[in-house]
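Residue numbers (our numbering), protein chains in the order written: chain A, 2 to 348; chain B, 2 to 348; chain C, 2 to 348; chain D, 2 to 348.
No lab work stands behind these hints: they were computed from the structure.
Among the hints, a few may not be true.
Identical chains blur together in the list; that is why a pair holds if it fits in one copy or across any two.
Stated by the list, open to error - With a straight-line Cα cutoff of 20 Å, these simulated EDC-like cross-link-like pairs (lysine to aspartate or glutamate) come out:
#1 K232 - D249
#2 K251 - E293
#3 K251 - D62
#4 K242 - D264
#5 K232 - D318
#6 K106 - E330
#7 K106 - E293
#8 K232 - D248
#9 K232 - D264
#10 K106 - E192
#11 K242 - D148
#12 K232 - D260
#13 K232 - D285
Protein chains: 4
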Amino acid sequence: MTSSPLGVAVVGVGYWGPNLIRNFLGHPATDLHRVCDLAVDHARTVVGGRSEVQVTDSLDDLLDDDVVDAIAIATPPSTHHEIGMRCLEAGKHIMVEKPLAMSSKHALEMVETAARNELVLMCDHTFCYTPAVRAIRELVSSGSVGDIQYIDSIRVNLGLVQSDVDVLWDLAPHDLSIMDSILPDDCFPIEVAAHGADPIGAGQSCVGYLTIPMNTGAIAHVTVSWLSPSKVRQTIVSGSKKMIMWDDMKPYQRLAVFDWGVDIGPPAGDDERERLMVNYRRGDMMSPALPETVEALHFVVEEFSDAIRDRRAPLTDGRSGVRMLEILEAANVSLQARGVLVPIEHR
Amino acid sequence: MTSSPLGVAVVGVGYWGPNLIRNFLGHPATDLHRVCDLAVDHARTVVGGRSEVQVTDSLDDLLDDDVVDAIAIATPPSTHHEIGMRCLEAGKHIMVEKPLAMSSKHALEMVETAARNELVLMCDHTFCYTPAVRAIRELVSSGSVGDIQYIDSIRVNLGLVQSDVDVLWDLAPHDLSIMDSILPDDCFPIEVAAHGADPIGAGQSCVGYLTIPMNTGAIAHVTVSWLSPSKVRQTIVSGSKKMIMWDDMKPYQRLAVFDWGVDIGPPAGDDERERLMVNYRRGDMMSPALPETVEALHFVVEEFSDAIRDRRAPLTDGRSGVRMLEILEAANVSLQARGVLVPIEHR
Amino acid sequence: MTSSPLGVAVVGVGYWGPNLIRNFLGHPATDLHRVCDLAVDHARTVVGGRSEVQVTDSLDDLLDDDVVDAIAIATPPSTHHEIGMRCLEAGKHIMVEKPLAMSSKHALEMVETAARNELVLMCDHTFCYTPAVRAIRELVSSGSVGDIQYIDSIRVNLGLVQSDVDVLWDLAPHDLSIMDSILPDDCFPIEVAAHGADPIGAGQSCVGYLTIPMNTGAIAHVTVSWLSPSKVRQTIVSGSKKMIMWDDMKPYQRLAVFDWGVDIGPPAGDDERERLMVNYRRGDMMSPALPETVEALHFVVEEFSDAIRDRRAPLTDGRSGVRMLEILEAANVSLQARGVLVPIEHR
Amino acid sequence: MTSSPLGVAVVGVGYWGPNLIRNFLGHPATDLHRVCDLAVDHARTVVGGRSEVQVTDSLDDLLDDDVVDAIAIATPPSTHHEIGMRCLEAGKHIMVEKPLAMSSKHALEMVETAARNELVLMCDHTFCYTPAVRAIRELVSSGSVGDIQYIDSIRVNLGLVQSDVDVLWDLAPHDLSIMDSILPDDCFPIEVAAHGADPIGAGQSCVGYLTIPMNTGAIAHVTVSWLSPSKVRQTIVSGSKKMIMWDDMKPYQRLAVFDWGVDIGPPAGDDERERLMVNYRRGDMMSPALPETVEALHFVVEEFSDAIRDRRAPLTDGRSGVRMLEILEAANVSLQARGVLVPIEHR
C-alpha cells in the first residue's frame, strides 16, 4: 500500500502552478489527478495535450475526490488561508506557496489545524531544496563555517511590480526562508529595521532594505528591488572560520567557500594608544561540485510525499512559514515608523 | 611664467602617499621638491633611487620653502585639520585625502581659511576622476538618465580593520564623494539611517549600511564591509529613463547602461480593485568605451594644478568635503540611536 | 482544415527525444500521437503520467498511422539514414537530429528522396533557432557587421566520451550548423585542416581543432573538447565593421557587439621601410536585448510545422545537413593525413 | 662587497623599457645608472623629474662604464642579436626581451658567447614569474596534476598590428615561454602546424593558430589574434589527475584547479560491440590564494640579480629563448607549407 503513489491535486495555474504540475507528473511518488483554476481553458493548455488529468474550476471537486490525498496551493497569497483551511478541514495534506498567509495569526491557525488533524502542512520554500542551499546548510551545521557573523542577501532584477504586495513581501520571503533553513537553532532574528522607496510612484515600495540583528550579535541584511537593470542573486554567509559566497547567476560556480577571515587578538602593549592586533587569514577558495541535473522542485515534491508517508514534519514546515511572517509583520511596522528597529514577536 | 611647473610637496608617505609622489613626478605640470614624513628612511625608499627630491621630517621645511606652492596632505585623518591649517596659513594651496577633517566644523574652518587667503583647497576624491565616474556624471547631467530614482552602492572586501575609524568612516566616503559628484544640484541627501555590526569584536563597526533619503523622494543606500570574502565595488544609478550599473571589478566592461525601465500609467478601469498599469521597457544595453590608459590620480594632479593656475574651485572642492562630513556625522548619531533617520544639517 | 494541428510522432527517446516530446506536446500547431523506442518502459516514463500518447517499439506502427503526418528522428546517427528513408518512402515529413546521416552520400539520397516525394526534410540544428543566432544572422545579413573576416568557435566541456563518434563529429556539427546559418551565400568554406588528440586512450579524438579557409580569404576555426574543466561556448564573428562575441555561458549578456575594428590605410612614405598605417576604431559595445522566455526547440517545432504547411524548405533544410557532412568528411581525411588542408567537395 | 647593489643599465625606452626602469629603480638589489635610447628627450621624460640617472643615445657610454655590470635590452627584436653580442663582448650580463633574437642560430650564438665569457644571459619571459604561472609550475612538478594531456592557450585582443612581425611572433612567445616553464623535462614539443589569416590586408597573419604535438602524445594548441573584440588570456593545462584553468582576466580568481577528469577503464563484455568504460570524476574546484601585491617584473629583476650573484643560470635562461625560436621557425615553415606538421629541430 505504501508503494502506491500519492494522489495529488494543484490549485492555481498562474506563474508557479505549471512548475508544480510538471514536477508532480514527473515524480514516481506522486500521481496528479486534478488541477483547479478559475481559468479552465488556460489550465487545460498548461496540463498539455493528450492528458488524462482532470481540470476543474471548483475546489470542491478536489476536496470531494478520495484519491486526492494532498493539495498544492499556488493561488494569490490573499487566498492561501481560506483555501488552505478548507483543504485541511477536508482532511487533505497541503503544500502552500510563500507567504503561507497574509498574517502570522492566520498562518498559526493553519499550523494548528494541520496538527490537530494530523496532516502535513509544508511551505514550498523551493530555494531551500536547491543544491546550493543544501550545501550551505551542511557547511554551517557541520561547524566548518564557525559562528555566523553576518548574512548579506541581494535579490534584485527588473521584476513584475505587484499591485497587492510590496517588494519586501514579494521577494524577501526567499531570503528569509533561506536564512531560516541555514541558521542553527541557537541563532535567530530578534529585531528588524525596514526601509523602502517608491521612486516610480507605484504606491508601495519597489526597492527595500531589511536590517536584522540576531540574538547572538550577528546581523543580517537583505536588499530587494523590482527596478534593477540586471538580475543579482547573491548571498554572503560569513562565519568565524569560513565565508561562503553564493552567486546564483553563476550556474557553473554558484558557491565559493573562502578560507579567509579576520580575528582580533589581545591588545598589544600597555601604552595609552593600544593597537588592535588583527590577524587576516587568506587561504584558498573552494567551490564544491553541486549535483545540478535535477530541478529543486523535484526535491520539494519528494520531501512533501516523504513527510506524508513518514508522518513527520517536512524541512520547511508550517512553523517556518509563521517565522517568516513574524519578520515581515515587524518589517511593516518598521517601514511605517521610518526605519526604527522593531522587535520580532515569536508566537 | 605660467608655463613653469607648480612646485609641490607631499606630507605623509603611508598607504596613499607613494601614489601621490609617483603622479607628481610623472606629470609635466608639477615639480615635486619635497616629501615629509616622520619615518624619513621609509620616505627616502619610496622616493626611489637616484632622486633629487628632498626628504624631511619637518613640516616647516616645506612651509618655509618658497618654491613649494602647493602641498598634498596624506597623513592620518586626525591630523588633516592641524596640518592643513598650518599650510593654508603659510600661503600654500592644499590637496587633502579623505576625510577632509574629523568634523564638518573643522572642515568648514579650513574651507573658510582657504577662501580668505585666496588659496585652493581640493579634496583628493580620486574616484571622481576615473573614466567611469566621469562617464556617469555626463550621462546624468546630459539628461539621458532622466530623474535619479535610486542609487545603490556596495564596497566590500577583506579590508584592513582600522583602529581609529569604523568602516563607515573608512569606506563610505568613496561612495558619498562619488554620489556628490554625480547628483545634479537639485537632488541631495536630507536624512541618513545607519546600521553597523561588529561580529569580530573589533570595538567598532566592521560592516555598515547607510540609507539616505533625498529631497526628491529618491533614495540612496550604501553597503560597506571590511569582512567580505571577495571584493565587490558595484554602484547602480537608476533613473527614470536609463539605468547605469558600474562594476569596478570588470576592467573591460565597467559600465553597463540599460535602456530599461518601469513606468506606471494611469489606473485602468473604475472598479474597486484598480489595477496598476505598469509598462516595462526592455531595450538594449550599451557599454561605453572608456579611456583607461591613464590612472585617475593623474587627472587629480591635473585638476589641482589647473585650479591653482586658473584661480578657480576644483571639481572636488572643500565644500564637497564638508558635505561628506555632514552625512558621516549624521550617520554617527543614527548609529548611536540604533538606526533612526537623522536629518543632515547643511552648514 | 489547415487549422487542425500537425500529427506527429517521435522515434528515439534517448538524450534529446524527451525535449522533442515536451515541445511537440506544448506547441498548439502539433499534436503528438505516438512515440517509438525499443525501450518501451523508459519511453512511457518519459511521456509521463496520465498521458494518452501511444508508445510502441515498432516503427511500422508510426508509418502505418495515417494521423501521423511527420516524424522526428532522434535515434543514434548510424540509424538516421535507414529510418529516415523508410519514413520518407512512407510519405512522412521528417525532422532529423544532427548529423543527418553518416555520409554526405547518404544524406544526399535522403534529400533527393524527400524532394521527389514532395516532403519536408528538416535538420534539427537547434542552435540556429536561438535568439542569439537569430540576432547574429540579422546583424550579418543587414550588412552592419561588414565583410566576415574570421569566425572562432569554442565548444568544450567535460562531456560524454562517445564510443562511436569522435569529438569532431559529436560537437563540431553545432558550430558548423551555426556558421552555415550565419554566413552569407557568397562566403563559404573551401578547405579544412583537422587536428585531434586522444590523451586518455579513448581510441579516438577527445580534443579536436578545425581550421577552415573560406572562398573570400576569411578563416574559421573550431575548438571542441570532451575533456575541459569548465564549460565554454564562445563564438566570435569578426567583420570589417563590427565584431560580435557570443558567450552562451552568460545568460544575461549572451551577445556583445563591438563597434571596434582595425583598418589598414595606404602605405605612408616612400622610403624603403614603408610603415603600416593602421587605424583602430574603439567604439562602444552594445548588447542587444534577446527574447529569452521561449526555448529554442519551440521555434524548431514551429519552423517544421510552418514549412510543412507552406510547402517550403525550412531554414535548416536537408542541404544544410549535406554541407555539414561534406566538411566533416574532409576533416576526417585531413585527420588521417596529419592535418593537411583538404578541399571540401560540394556535391 | 656582495651586498652592494648590482649596477644596471637599460637600452630601449619604448613599450616595455619604462617598466624595466621603474623596477630597477624600485628594487634594493639593483642600482640603475644609465638609460640609452636614440630618443634622448623621451627617455629623460620616462626616467622622470629630479632623477640622477644618466640618459644617453650611445650604447658605448654603457659599455664603457665600469659601474654598469648588467644591461637590459628592450630594443626592437631585430637589434637584439647585435646589441646583445656587443654587451656580452664588453663583459656585461644581459637580460633580453622576447624573442631573444630573430633566429635560433643567432640566439644560440648569444648563449654560447655568454657561456664562454661566464656571463648571465636571461630572457625576460615576464609571465613565467607571475604568481599564477609559479603556482601552475608547482602543481605540475609536485605530480598533483598527473601526466600532462593537453594545453590550450588563447591570447587575443585588439592589439597593435605590427609591421615587422606577424601575430605568431608577436604574441605566441608568451604562451610558448609559459609552456616551456611549466612542462616537465620529459615532455616537449616535437612538431608544429601553423595556420594564419590576414583578413584586413596587413600583409601578414593577424590571427594565428599553432597545433603542437608532444613526444608523450600530449598536444598543445595556441590561438593568438590582434583582431579580437575583447581581451582573452586563458590557458588550460589538463592532466590525468587534475585540470587547471588560468584566466588572467579574472584578477580575483586567476586559477581554478578542477578535481575533475576522465578515465578509460578496461573494455566491458566480450561481445562484438565492446563498449567504452568511461569514468568521470567530478570533484570540487579549488582556487589557490595567490600573492598578488608585487608585480611580476620585480621577481624578474630579482632572479636576474640573484643569478648574477650566484653565478648560476636563471629560470628563463638563454636555452629557453633558443627553444622558443626553434618552435617559431618551424611554425614559419608550416605556415608557408599551408599547415603541414613540421618537425621541431632541437639544436
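Hints, verified against the model:
no.: 1; hint: K232 - D249; result: both (10 Å within a copy, 17 Å between copies)
no.: 2; hint: K251 - E293; result: both (12 Å within a copy, 17 Å between copies)
no.: 3; hint: K251 - D62; result: neither (43 Å within a copy, 45 Å between copies)
no.: 4; hint: K242 - D264; result: within (9 Å within a copy, 36 Å between copies)
no.: 5; hint: K232 - D318; result: neither (29 Å within a copy, 36 Å between copies)
no.: 6; hint: K106 - E330; result: within (10 Å within a copy, 41 Å between copies)
no.: 7; hint: K106 - E293; result: neither (37 Å within a copy, 41 Å between copies)
no.: 8; hint: K232 - D248; result: both (11 Å within a copy, 13 Å between copies)
no.: 9; hint: K232 - D264; result: between (34 Å within a copy, 19 Å between copies)
no.: 10; hint: K106 - E192; result: within (19 Å within a copy, 35 Å between copies)
no.: 11; hint: K242 - D148; result: within (7 Å within a copy, 35 Å between copies)
no.: 12; hint: K232 - D260; result: between (27 Å within a copy, 15 Å between copies)
no.: 13; hint: K232 - D285; result: between (28 Å within a copy, 15 Å between copies)
In this structure, the hints that do not hold are numbers 3, 5 and 7, in rising order.
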